[in-house]
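Two chains, two frames, a set of hints: combine them into the complex.
Residues per chain, in single letters:
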Amino acid sequence: MQFGIFSVSDITTDPTTGRTPTEGERIQDLVKIALKAEEVGLDVFATGEHHNPPFFASSPTTFLGYIAAQTTTLQLSTATTLITTNDPVKIAEDYAMLQHLAGGRVDLMMGRGNTGPVYPWFGQDIRNGIALAVENYHLLRRLWREDVVDWEGKFRTPLQGFTSTPRPLDGVPPFVWHGSIRSPEIAEQAAYYGDGFFHNNIFWTMDHTARMVDLYRRRYEHYGHGRADQAIVGLGGQVFMAKNSQDAVKQFRPYFDVAPVYGHGPSLEEFTRATPLTVGSPQQVIERTLGFADAVGDYQRQMFLMDHAGLPVEVVLEQIEMLGSEVVPVLRKEFESRRPADVPSDPPTHASLIEAGDEHANAAMGPRSRVEAGSN
Amino acid sequence: MARKLVVISAGLSVPSSTRMLADRISGGVQREVTARGEGLDVEVVELRGLAREIADHLVSGMPPSALRHALSAVSSADAVVAVTPVFTASYSGLFKSFIDLLDPDALTGKPVLVAATAGTPRHSLVLDHALRPLFTYLRAVVVPTGVFAATEDFGSNGGRDGEDGLDRRIARAASELGALLVSTSGSVPGFTAPAVDEVGKVDRISEDSLTPFEQLLGNQLR
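Top to bottom, those sequences are chains A and B.
Going by this note's numbering, 63 is the number at position 63 of the first sequence; the sequence numbering is gapless.
Going by this note's numbering, 29 is the number at position 29 of the second sequence; the sequence numbering is gapless.
The shape of chain B in the complex, shown without the other chains (with noise of 0.2 angstroms):
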């Protein structure tokens, strides 16, 4: 079975560097996993897109369809790859506001690669003190290296030049990425909360996982 890998991509701008360099690391995870015998499907969140669902959410506390759905995507997703502009020296608010609405555990166990863009290759220690923790604390498994691109790896060659070069970067982070995606399953499905307009469709909540009302009162029954 094809795995399954999504791209949060939190770029602003159309075209976005940060959707360029995200497209780039799909790509290459792509090859990654292809390479050894296993198929993969890419779905990319462009949270653009959903900026004002996004917003509607924190304020009301209901996921509107379209973000239900790209919620439950990466719950369900067998690794992450992570793309935000640096903002003000961190992540962007809008990735922030994404990341905060996702189930604390959508992510428990799950392979992620973070990266990040920017105008200037002094922001790129933002992956190891902004996104690398973030991610840490949703006890997501962030592979060793991060790809930080600055507008100059955008460059005339493309950032193909030289031992540490973009292409290297990125061909480091996605073989990290692929040797995990393959040898595990991180996908925890069903930890999204029903969307708005998805009425009845949503299973009843198990007995089973209710603590009996005699334990809960423990020593108050004589």
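Same shape as in the complex, but just chain A (with noise of 0.2 angstroms):
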């Protein structure tokens, strides 16, 4: 299973100091807090992107490729890379360079971005959302698969005799998550392709997440890809630690109270209890986030939130080193003992993507054999 760490990737003041750091330091923060997370054994990093303030990240491969030079094990991704917005053949170079660069360890999650003001920044309509992201990604699935694309569709120029560059490393495209919070389309495009599938949970409560991954799972076996319980599912969760809870839930109020995403509404306590969020000692943590995998089943793919509601970037740091020394042993050890052994334990991997060659969903442009799916 692999463990990780995403950013939202915010300006946000302290408000125990109010202090706001600059993009610069934030951008330098953003790139130690990547680097941590290596050298406390953990295994993915990924970015969001965003084009508005309060946030910095809009240029995730400028940004992943610095930390590909820099690490040697961690997985890249995205959270997430704007598939409405962005023009396919864009990510299409754009991530296969990053891909070549980074020796392979580099996927994406595709999302359709959170604020409505962003697509006319780039030429499009919120009210296309989901046919952008249908179209979009059926492109970009082609681009990286077929040599040579002739394409026409609603939202871009044709394409003739076009040709990507580079070609994806040793011929594998990159493995792609779908995040989507409520829209069964997205769930659906996900299971189609058999792609991963990951809901950020962060600020929903765990039953809302089930329903999302659950539905997704059936489709992926519907469309024949494996059973629905080998489906590739990630989360995301957030939390603050310490030693014993009382010390977590001191330090962290402050910042809770006031955070744009956190504040002014139900108290600590009520937000704990409804959403993943987890503030209290390492063992809570690790309860809770197995508790996950009753609610969602066995998965493969957990992201933490940990540079949130304005922490300065040594508490940060710290949080990240208990996530790596006490809790994420831990889980790996739980997480494995319960789970069966045909369902995978790890999302595809270049690595795997490689061995499994076109055996692999990955390697397709669609749906398997149903007939298949349904004689297992």
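Any given hint could be a false lead.
FRET-style restraints, in silico, Cβ to Cβ [stated by the list, open to error]:
1) Asn-219/B / Arg-338/A: 43 to 49 angstroms
2) Ala-89/B / Lys-90/A: 51 to 57 angstroms
3) Pro-144/B / Pro-117/A: 41 to 47 angstroms
4) Ser-65/B / Thr-163/A: 56 to 62 angstroms
5) Asp-294/A / Arg-172/B: 54 to 60 angstroms
6) Val-14/B / Arg-19/A: 44 to 50 angstroms
7) Thr-34/B / Asp-294/A: 47 to 53 angstroms
8) His-69/B / Gly-18/A: 38 to 44 angstroms
9) Thr-136/B / Arg-338/A: 52 to 58 angstroms
10) Pro-144/B / His-51/A: 47 to 53 angstroms
11) His-51/A / Arg-172/B: 53 to 59 angstroms
12) Glu-93/A / Ser-65/B: 48 to 54 angstroms
13) Ala-89/B / Thr-16/A: 40 to 46 angstroms
Calculated directly from the structure, the hints in this document are not laboratory data.
This one's a predicted model, so the numbers in the text were calculated from it and none came from an experiment.
The C-beta atom is built at its ideal place from N, Cα and C for all residues, glycine as well.
Rendered as structure tokens:
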């Protein structure tokens, strides 16, 4: 199973000091956070993509390329790549280049963005959100799998005899996840292609997340990629830890109470009861996270949001240290002990995709035979 | 089977003239439905007690359980009586915030009686310039008579005087709502988001409601 860190890449004032980091500071801090993830034995780092203040991560491949050069094992991913407003041709090119430079340590998570105004900045219209995600992703998939593409669609100019370069490393396109909070169409899209499904899970109740994952799993089986319990699932979560739980609550409350995404509504206690946010001891984080598998089934990737609510980078780095040394080793062991042998532990990686060759869903353009699925 | 009436009351003081008006209207509706040989269950949703949960839901997107119960009561009602005090020339902010949290289809086709209270009769058009368009937008069937009660309507004789006294207006509105209640069922169950503490009690997402992906792909499939 893979464990990692994902960042929303926001610039938020530290409410305890009133100090707001500069863009430059936050960019360098996020580099430290990504490198720390590898140092403490985590598997994945994923950056968001936003094109408006207070966020700074508008150029994910530049950032991930810089991280790739300074790491050796860390899987680099996104949370999320805007499949709606980015030109699929540019995504195909940029991420294939990153894949070469990172030696295959790259996957992507597709998303539609969280704000309407981003669409016109890139010449699109939010009312076409789902249709853009469907058309653009299908083209992206072809650009990585077919050397010469003739294509015509609704949202961009046609392509004639177009070859996206560089070609994917070893002829194997990066594995793709689809992130969606509440759109069944996106769960359906992930299932259709046999791609991964990621639920960010962080501002939602567990039963909502479970419903979305359940739909994806059933449709994954329907499209012949394997049994429902073998589908590739990732979840988000966010935590704040201290040796004993009272200290964690005491330290985190001033951040929680005024944070743009948490504050001025439900209390810390109500929020932690309703959502996966866990503020407490490492043992509490372990128990809570293990409970996710009861809700969504055995899954393959758990990402943690750590640089939230304006916490200073020193605290975030300490938190990641604790996560890597005290929490994740136990989670690895416990998640594996409950997992059936024929349910994959890891999501597909570059190495496993090379080994699987054309047998893997990632090599194909769509569903496999449904008869095959029925006979399982 | 008894019909279900949900009364939304947005008064803030205790006792509240808004709640008093709400009770007089629901009593009137009860009489109308009983007179037509049907039973009526009345549930009152007092927004004052839900004020914090309404604010929490607005900022977090998740309904706490008492609020969730109230929202689903409105969704599953056969008819609704909505009563608000007039604040600054319109319905109160708390009232509007509650309505904002209803599922957009919660009131579709549902009979609704609108009513309001204020210190002065000069606000009486609030029924027609604020409440009626709000519920029309939500595709509710708003009965022709709305009930407006100013302080003077609660005078020594309780508004029982004359052709256009409060009792007459309540009776006319209740009769219109009662007739609709008995002839139709406006119940639309299941339109409310699950409460934060009802984990595992929620139905699965039906595959029948999905658009098959090939259809979404359209001409992209060669």
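Here is how each hint holds up against the structure:
The hinted window of 43 to 49 angstroms between Asn-219/B and Arg-338/A holds, with their beta carbons roughly 45 angstroms apart. Between Ala-89/B and Lys-90/A the Cβ separation comes to about 52 angstroms, which falls inside the hinted range of 51 to 57 angstroms. At about 42 angstroms, the beta-carbon gap between Pro-144/B and Pro-117/A stays in the expected band of 41 to 47 angstroms. Our hint of 56 to 62 angstroms for Ser-65/B and Thr-163/A holds, since their Cβ atoms are close to 57 angstroms apart.
Here the CB-CB span from Asp-294/A to Arg-172/B is close to 57 angstroms, well matched to the stated 54 to 60 angstroms. At roughly 46 angstroms, the beta carbons of Val-14/B and Arg-19/A sit within the given window of 44 to 50 angstroms. The supplied range of 47 to 53 angstroms is met by Thr-34/B and Asp-294/A, whose beta-carbon atoms lie about 50 angstroms from each other. Checked against the given bound of 38 to 44 angstroms, the beta carbons of His-69/B and Gly-18/A, roughly 41 angstroms apart, stay inside it.
Restraint check, Thr-136/B to Arg-338/A: a C-beta distance of roughly 54 angstroms satisfies the suggested window 52 to 58 angstroms. A hinted range of 47 to 53 angstroms holds for the C-beta pair Pro-144/B and His-51/A, which are about 51 angstroms apart. Taking 53 to 59 angstroms as the suggested C-beta distance range, the pair His-51/A and Arg-172/B conforms, at roughly 57 angstroms. Distance hint check for Glu-93/A and Ser-65/B: the Cβ-Cβ separation is about 50 angstroms, which falls inside the suggested range of 48 to 54 angstroms.
As the Cβ distance of Ala-89/B to Thr-16/A is approximately 42 angstroms, the hint placing it in 40 to 46 angstroms holds.
No hint from the list above goes unmet by this structure.
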